[in-house]
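Asker: Modelling step: build the complete structure from the supplied sequences, incorporating the hints.
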Amino acid sequence: MGNQADRSAGEAAPAKNGALITTSGLVKQFPTGGYLFTALNGINLLIDRGEFTGLVGPSGSGKTTLLNIIGALDYPSSGSAVVLGSDTKHLNHKQSARLRNHHIGFIFQTYNLLPVYTVYENVEFPLLLLGMEADRRRRAVTQALEWVGLTDRAQQRPAQLSGGESQRVAVARAMVKKPEIVLADEPTANLDAENSHNILRMMVELNTELETTFIFATHDEKVIRYLRRRITLRDGRVVEDREMEPDYTT
Amino acid sequence: MIRFLLKGLIRDRHRSLFPVMVVTVGVTVAILMQTFMHGVMDDMVRSNAKLDTGHLKVTTLGYREIARQMPNDLSISGIDRFLRGLETDYPRLEWTTRIKFGGILDIPDEAGETRSQGPAIGLAIDLLSEKTREIKRLQLAEALVRGRLPADAGEVLISDEFAHRLGAEIGETATLITSTAQGGMAVHNFVIAGTVRFGMAALDRNTVIADITDMQYVLDMEGSASEVLGFFPNLVYDDRQAEEIVREFNDRHSGGGEDDFLPVMQTLRMQNNLGEYLDLAAFRVAIILVTFFAVMSIVLWNAGLMAGIRRYGEIGVRLAIGESKHQVYWRLLAESFLVGLTGSAIGTALGLAVSYYMQEVGIDISGMLQGSSILMGNIMRAHITPASYYLGFIPGLAATFFGSAVSGIGIFRRQTAQLFKELEA
Ligand SMILES: Nc1ncnc2c1ncn2[C@@H]1O[C@H](COP(=O)(O)OP(=O)(O)O)[C@@H](O)[C@H]1O
Ligand SMILES: [Mg+2]
Numbered sequence: 414m415g416n417q418a419d420r421s422a423g424e425a426a427p428a429k430n431g432a433l434i435t436t437s438g439l440v441k442q443f444p445t446g447g448y449l450f451t452a453l454n455g456i457n458l459l460i461d462r463g464e465f466t467g468l469v470g471p472s473g474s475g476k477t478t479l480l481n482i483i484g485a486l487d488y489p490s491s492g493s494a495v496v497l498g499s500d501t502k503h504l505n506h507k508q509s510a511r512l513r514n515h516h517i518g519f520i521f522q523t524y525n526l527l528p529v530y531t532v533y534e535n536v537e538f539p540l541l542l543l544g545m546e547a548d549r550r551r552r553a554v555t556q557a558l559e560w561v562g563l564t565d566r567a568q569q570r571p572a573q574l575s576g577g578e579s580q581r582v583a584v585a586r587a588m589v590k591k592p593e594i595v596l597a598d599e600p601t602a603n604l605d606a607e608n609s610h611n612i613l614r615m616m617v618e619l620n621t622e623l624e625t626t627f628i629f630a631t632h633d634e635k636v637i638r639y640l641r642r643r644i645t646l647r648d649g650r651v652v653e654d655r656e657m658e659p660d661y662t663t
Numbered sequence: 103m104i105r106f107l108l109k110g111l112i113r114d115r116h117r118s119l120f121p122v123m124v125v126t127v128g129v130t131v132a133i134l135m136q137t138f139m140h141g142v143m144d145d146m147v148r149s150n151a152k153l154d155t156g157h158l159k160v161t162t163l164g165y166r167e168i169a170r171q172m173p174n175d176l177s178i179s180g181i182d183r184f185l186r187g188l189e190t191d192y193p194r195l196e197w198t199t200r201i202k203f204g205g206i207l208d209i210p211d212e213a214g215e216t217r218s219q220g221p222a223i224g225l226a227i228d229l230l231s232e233k234t235r236e237i238k239r240l241q242l243a244e245a246l247v248r249g250r251l252p253a254d255a256g257e258v259l260i261s262d263e264f265a266h267r268l269g270a271e272i273g274e275t276a277t278l279i280t281s282t283a284q285g286g287m288a289v290h291n292f293v294i295a296g297t298v299r300f301g302m303a304a305l306d307r308n309t310v311i312a313d314i315t316d317m318q319y320v321l322d323m324e325g326s327a328s329e330v331l332g333f334f335p336n337l338v339y340d341d342r343q344a345e346e347i348v349r350e351f352n353d354r355h356s357g358g359g360e361d362d363f364l365p366v367m368q369t370l371r372m373q374n375n376l377g378e379y380l381d382l383a384a385f386r387v388a389i390i391l392v393t394f395f396a397v398m399s400i401v402l403w404n405a406g407l408m409a410g411i412r413r414y415g416e417i418g419v420r421l422a423i424g425e426s427k428h429q430v431y432w433r434l435l436a437e438s439f440l441v442g443l444t445g446s447a448i449g450t451a452l453g454l455a456v457s458y459y460m461q462e463v464g465i466d467i468s469g470m471l472q473g474s475s476i477l478m479g480n481i482m483r484a485h486i487t488p489a490s491y492y493l494g495f496i497p498g499l500a501a502t503f504f505g506s507a508v509s510g511i512g513i514f515r516r517q518t519a520q521l522f523k524e525l526e527a
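Residue numbers (our numbering), protein chains in the order written: chain A, 414 to 663; chain B, 103 to 527.
Any given hint could turn out to be false.
Once the Cα atoms are required to be at most 25 Å apart in a straight line, the calculated SDA-like pairs of lysine to any residue come out as [unchecked claim]:
| id | chain 1 | residue 1 | chain 2 | residue 2 |
| --- | --- | --- | --- | --- |
| 1 | B | Lys109 | A | Arg566 |
| 2 | B | Lys109 | A | Tyr530 |
| 3 | B | Lys109 | A | Arg551 |
| 4 | B | Lys109 | A | Leu527 |
| 5 | A | Lys507 | B | Leu107 |
| 6 | B | Lys109 | A | Arg549 |
| 7 | A | Lys502 | B | Tyr414 |
| 8 | B | Lys109 | A | Gln569 |
| 9 | A | Lys507 | B | Arg412 |
| 10 | A | Lys507 | B | Val508 |
| 11 | B | Lys109 | A | Gln573 |
| 12 | A | Lys507 | B | Leu108 |
| 13 | A | Lys507 | A | Leu497 |
Just a few of them, taken from the derived set where beta-carbon distance is under 10 Å, the chain B residues facing chain A [claimed, not checked]:
| id | residue |
| --- | --- |
| 14 | Met103 |
| 15 | Phe106 |
| 16 | Lys109 |
| 17 | Gly110 |
| 18 | Leu111 |
| 19 | Ile112 |
| 20 | Asp114 |
| 21 | Gly418 |
| 22 | Val419 |
| 23 | Arg420 |
| 24 | Ala422 |
| 25 | Ser426 |
| 26 | His428 |
| 27 | Gln429 |
Hint data in this document are derived by calculation from the structure and do not stem from the laboratory. Using N, Cα and C, we set each Cβ at its ideal position, and we do this for glycine too.
Answerer: Below, the structure is given as structure tokens:
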């Protein structure tokens with residue numbers, strides 16, 4: 414494990430041109446039984462194109478909350494999160510949907526495939542939302558299924574797949590539209606070591622090939638080994654932010 | 103996209119099959135309820151009209167007041183001229199004279215002594231004139247059980263059940279003991295030409311049907327009749343027109359007068375409390391239908407809610423993938439519209455099919471009418487009306503649609519991120 418330059422938190426990150434994601438003074442509070450619980454407390458981060466970064470920290474440290482805000486599924490209570498040039502706080506339902514639709518892919522711990530649809534259809538769905546025409550759609554889905562090695566499973570339903578296969582479908586679904594950003598929340602939590610490594614290796618390849626930015630929320634050592642940057646959260650604050658030398662060995 | 107959503111809808115039985123079935127059953131039952139109630143009411147109106155009230159009835163003012171007592175002393179005199187007047191003034195309607203009477207029917211043995219006897223309700227109608235339509239109107243030929251229709255003066259029809267009870271045979275003499283219009287005693291020998299059964303409990307017990315000319319003679323009522331009945335073409339009652347005719351007729355003939363012998367006209371609804379009865383029945387149907395649809399809406403709303411909650415996970419994913427809340431909501435509504443449409447269409451088709459069968463065949467309810475005096479057929483039939491086509495359909499569709507419109511609002515109320523929490527749980 415490397416311990417390169419400490420891009421430590423605390424100080425406001427300088428606004429840097431070309432940054433894909435910028436958060437400054439980001440605070441998120443949740444009303445819980447009469448008082449406000451602070452889940453994120455002054456997050457300043459810059460994330461560049463092509464990063465393979467992880468938000469790391471114990472359960473409850475705010476990883477998911479931060480990921481959701483970056484994905485415009487949630488809004489900061491104060492401070493800002495600027496994603497691809499848009500301050501998410503100022504996006505309405507439609508605009509945030511558009512941002513996700515065009516630029517962001519999500520991967521979840523529990524896969525969250527749509528059970529009534531086949532593997533093929535699950536992967537096709539984001540393209541339908543984009544209004545892509547049938548021919549391009551078919552090529553894109555076929556390619557995405559090749560990336561994850563599930564071409565022969567195209568017509569099966571999620572219920573017929575193993576956990577590893579399901580997560581590979583989820584990766585294909587997130588990648589099929591070639592988004593700038595993929596947000597993966599504990600993607601390996603339900604997978605064994607072998608499947609975890611397969612998925613991660615695939616993501617590294619896509620990251621190199623397509624320059625897709627990957628941001629993980631994880632406390633899984635298997636994932637952490639693949640990261641090139643590790644942002645450690647504790648109680649809603651960034652306590653460490655460092656670049657790493659990834660270890661691709663299994 | 104539409105095909106994609108349709109695929110999802112069809113494959114997910116919780117979203118398609120179950121709600122469609124709920125709507126189908128609801129709509130079917132609603133239509134059956136409506137057509138049956140209508141059938142029953144219609145049958146009552148028809149039977150009452152044919153046998154008792156006509157669509158319009160003219161009596162004297164005095165007769166009307168105590169019609170139940172059959173006060174034949176208060177009959178309309180100069181009846182032939184009176185009838186011709188009505189036929190001239192209202193040529194669209196068929197007019198006919200009748201007399202109701204009570205009495206005792208006595209079956210004598212060879213020696214002329216009473217073999218058996220029983221109280222009888224009598225109806226005197228035009229049985230024998232050449233232009234009579236009463237036989238057709240009362241479907242006497244269809245009602246005939248034994249013997250034949252009267253062909254000569256002095257012949258009567260009696261209820262088949264009555265004949266059995268009295269032990270009377272076809273062709274035997276039956277003596278009617280009654281009182282004349284003036285109150286004197288009247289005894290007359292008739293010949294039983296045939297027996298009839300109408301399939302109406304109230305009428306099948308002890309009815310005697312005699313020719314009106316005979317009865318005018320027996321009751322000492324030559325040249326008069328106590329009731330003149332008017333019928334619209336094809337026996338289809340038109341309340342609005344009936345009211346109009348009544349108003350016009352009464353203005354002309356009895357307007358304000360109080361003389362017992364002034365002629366007065368009534369519509370079907372004005373007699374036997376039929377109007378109130380029908381209004382009440384219609385009101386009850388309306389209440390039942392409204393309640394029914396309220397319940398169905400709640401069921402569907404809850405079903406929608408369940409499906410909605412079950413689907414928050416799916417909805418969360420869809421939002422994450424980039425569908426907007428509005429799109430998700432509208433697509434949910436479109437789905438429920440389809441479900442409502444399908445269920446309502448199937449339900450309407452099913453309801454109408456069963457109703458049609460019940461309209462043609464009916465259910466025998468004679469057991470329930472034992473001893474009742476309601477003029478109503480023993481066969482309960484459905485009757486499809488124009489309302490039957492939309493009365494289940496529209497509320498079925500609306501209930502489904504609004505059910506999910508309301509439950510779907512949850513999508514907006516919840517924070518997007520919250521939809522995920524529910525999906526992870
Ligand atoms: N919608 C919410 N309402 C109240 N508290 C919340 C909500 N979402 C998250 N939290 C709280 O914020 C903290 C951080 O949560 P989360 O971001 O899910 O942590 P992590 O993903 O690191 O485990 C936790 O204490 C959690 O209970
Ligand atoms: Mg989490």
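Asker: Going straight from one Cα to the other, do Lys507 of chain A and Val508 of chain B come out at no more than 25 Å?
Answerer: The hint holds at about 21 Å.
Asker: Are Lys507 of chain A and Arg412 of chain B close enough, with their CA atoms no more than 25 Å apart?
Answerer: Roughly 24 Å between the alpha carbons, so the hint for Lys507 of chain A and Arg412 of chain B holds.
Asker: Mind checking the alpha carbons of Lys507 of chain A and Leu497 of chain A for me, to see if they're no more than 25 Å apart?
Answerer: Measuring from Cα to Cα gives roughly 16 Å; hence the hint holds.
Asker: Does the alpha-carbon distance linking Lys109 of chain B and Arg566 of chain A stay inside the 25 Å limit?
Answerer: Judged against 25 Å, a Cα distance of about 19 Å means the pair holds.
Asker: Hold the hint about Gly110 of chain B up to the distance rule: shortest CB distance to chain A must be less than 10 Å.
Answerer: Holds: closest Cβ of chain A sits about 5 Å from Gly110 of chain B, inside 10 Å.
Asker: Would the hint linking Lys109 of chain B and Arg549 of chain A be met if the CA-CA limit is 25 Å?
Answerer: holds, 21 Å
Asker: Can you confirm whether the C-alpha distance between Lys507 of chain A and Leu108 of chain B stays at or below 25 Å?
Answerer: With a Cα-Cα distance of about 23 Å, the restraint between Lys507 of chain A and Leu108 of chain B holds, given a limit of 25 Å.
Asker: Is the hint on Leu111 of chain B kept, meaning its closest Cβ partner in chain A is under 10 Å away?
Answerer: At 9 Å from the nearest chain A Cβ, Leu111 of chain B passes the 10 Å test, so the hint holds.
Asker: Regarding the hint that Ser426 of chain B lies at the interface with chain A, is the smallest CB-CB distance below 10 Å?
Answerer: holds, 3 Å
Asker: Next pair to validate is Lys109 of chain B with Leu527 of chain A; report whether the Cα-Cα distance is within 25 Å.
Answerer: The given pair, whose Cα atoms are some 12 Å apart, holds under the 25 Å limit.
Asker: For the hint on Gln429 of chain B, just tell me whether its beta-carbon gets within less than 10 Å of chain A.
Answerer: Where the cut-off is 10 Å and the nearest Cβ of chain A is about 7 Å from Gln429 of chain B, the hint holds.
Asker: Identify whether the interface hint at Ala422 of chain B stands, where standing means a beta carbon of chain A within less than 10 Å of its own.
Answerer: holds, 4 Å
Going through the hint list in order, the structure satisfies each hint without exception.
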